[in-house]
Amino acid sequence: MKCGDVRGSLLDLLEGTINPEQRAAVQQHLGQCDECRAELAMLQRGRDGLEASLEQVVPVGRYLTEWRMGRLLGAFEVRAQQPRIITLRRFIAAAAAAAILVSFRFIYADVRSMLTPKQQPGEAYPSALRVSPLGPAGIVALTPTAEDRGLNVVFEYMKASPAGGAAAASVPPADLVRTISPGIDVPVQNAFYDCQEAGCWW
Amino acid sequence: MATKSDLEKLARDYYDRLFRAALFMCGSNAAAEDLVQETYLAAATSLDSFEGRSSVYTWLYGIMRNKFRAYLRSKHHQVSLQQLAEESAGADASELVGADEPGAHEQSVRRETAEIVREALDALPPHHRDVLALRYLERMSYKEIADALGCSLGTVKSRIHYALRSIALSLGDEQEVLP
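Chains as they are written, first to last, in this note's numbering: chain A, 21 to 222; chain B, 71 to 249.
These are calculated hints, taken from the structure and not from any lab test.
Keep in mind that this is a model prediction, so the values were computed, not measured.
Every residue, glycine too, gets a C-beta built ideally from N, C-alpha and C.
Don't take each hint at face value.
[As the list claims (entries may be wrong)] Computed far set for chain A versus chain B, every beta-carbon distance over 10 Å:
1. Lys22
2. Gln47
3. Leu50
4. Arg57
5. Leu108
6. Ile112
7. Ala113
8. Met134
[As the list claims (entries may be wrong)] DEER-style ranges, computed between Cβ atoms:
9. A:Cys23 x B:Glu189: 23 to 33 Å
10. A:Val131 x B:Glu189: 51 to 61 Å
11. B:Ala100 x A:Ala115: 30 to 40 Å
12. B:Arg143 x A:Thr37: 33 to 43 Å
13. B:Asp243 x A:Asp32: 21 to 31 Å
14. B:Glu78 x A:Ala129: 50 to 60 Å
15. B:Pro195 x A:Thr37: 22 to 32 Å
16. A:Val131 x B:Asp76: 49 to 59 Å
17. B:Ser222 x A:Val80: 27 to 37 Å
For reference, chain A alone in the conformation it holds in the complex (with noise of 0.2 Å):
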């Protein structure tokens, strides 16, 4: 046998629940290893210790007096009497998570409706989005019409600027548009809707 195979055997041979091939085989290893041998004089040491000393770290007395009875039976009688604060408990514990559920389900509602289109991108694509400069080159301005409510958003458009910014340019809905959060390219048509719905860029 290894050590390690003892040492999970050496409570059952201190207990006296070893098997008896078990208990041959064990001694025979502790009769030629010093270190399992220590392990085992370490665990008597121990158990006889506690053993030794239960009696007085947990005294056997008679510790129902007729006091702690007077006192057990007193706060029984006060707790069968206070079913109604109990079930108020449980009432207000049910109703707080009632609450926090509705509650919940508001939020998931409002989230859900801002995030899921109520038009599908491309079906308000304006017929034409007038394009003027912004400054530096490629920079422009996408402008919807008026019957878009007025949004005015800045991109920044891949191509170049397609009138020289003077006059009005359609933006052909399937263009690629570089927005103003850096790597987020997206079909003019999204972009436009994107921003109709949530009321502001990314």
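For this one, chain A is given, so just place chain B on it according to the hints.
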């Protein structure tokens, strides 16, 4: 829900034994008294649901263990068996039964050993103290302990092994241990 007389009978039958186990767990007379009382009050409300699959004492002991866990959580502290020594020093000796009067040296050695063991128990995690209580106080078999705690036999043995080792290390080689 138990009646008052049911509760009184339960108390007369098991209070002392439960209290001793509670002392082992909590280490304080006051805490043990509260723990046992809460155990009985909980038992009174669920007496109807007791199916008799274990002994009444085992059932009560299980309730007490759960209450003790809640107590530890609520108090946020490790309970000190050291408190028991302080309380016992001033306790009414008439409450305690069975104190022999050994010789002065022997008494002193026993007191010293108990003091060290108490401190060692204090330092143990509650679940290690728990298995020691079940094994050496309640005299349960490993199998019964494993069933009561809902853990494996190997876990029970390793916890006892660890706990006894800790006590032995606290006792050291110098401390005389009387049988």
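#### Entry: Assertion that isoleucine 112 of chain A lies farther than 10 Å from chain B (Cβ)
The claim stands: isoleucine 112 of chain A keeps its Cβ more than 10 Å from every Cβ of chain B (closest is about 20 Å).
### Query
Taking the beta carbons of proline 195 of chain B and threonine 37 of chain A, is their distance inside 22 to 32 Å?
holds, 24 Å
### Message
Verify the CB-CB distance for valine 131 of chain A and aspartate 76 of chain B against the hinted window 49 to 59 Å.
### Response
holds, 54 Å
### Status of the given 50 to 60 Å range, CB of alanine 129 of chain A versus CB of glutamate 78 of chain B
Because 56 Å falls inside the window, the suggested range holds.
### Query
Far enough from chain B: is every CB of that chain over 10 Å from the CB of lysine 22 of chain A?
The claim holds: lysine 22 of chain A sits with its nearest Cβ about 17 Å from chain B, beyond 10 Å.
### Query
Falls inside 23 to 33 Å, the C-beta gap from cysteine 23 of chain A to glutamate 189 of chain B?
holds, 30 Å
### Task
For alanine 100 of chain B and alanine 115 of chain A, compare the CB-CB distance with the range 30 to 40 Å and indicate the outcome.
Once the Cβ atoms are compared, 36 Å apart, the range 30 to 40 Å for alanine 115 of chain A and alanine 100 of chain B holds.
#### Entry: Outcome of range test on Cβ distance (aspartate 243 of chain B, aspartate 32 of chain A; 21 to 31 Å)
holds, 25 Å
### Query
Far enough from chain B: is every CB of that chain over 10 Å from the CB of methionine 134 of chain A?
holds, 41 Å
### Query
Is the nearest Cβ of chain B still more than 10 Å from the Cβ of alanine 113 of chain A?
holds, 17 Å
### Minimum Cβ-Cβ distance from leucine 108 of chain A to chain B exceeds 10 Å
Answer for leucine 108 of chain A: holds, closest chain B Cβ roughly 17 Å.
### Task
Go ahead and decide if the range 27 to 37 Å is satisfied by the Cβ distance of serine 222 of chain B to valine 80 of chain A.
holds, 31 Å
Checked against the numbered hints above, the structure breaks none of them.
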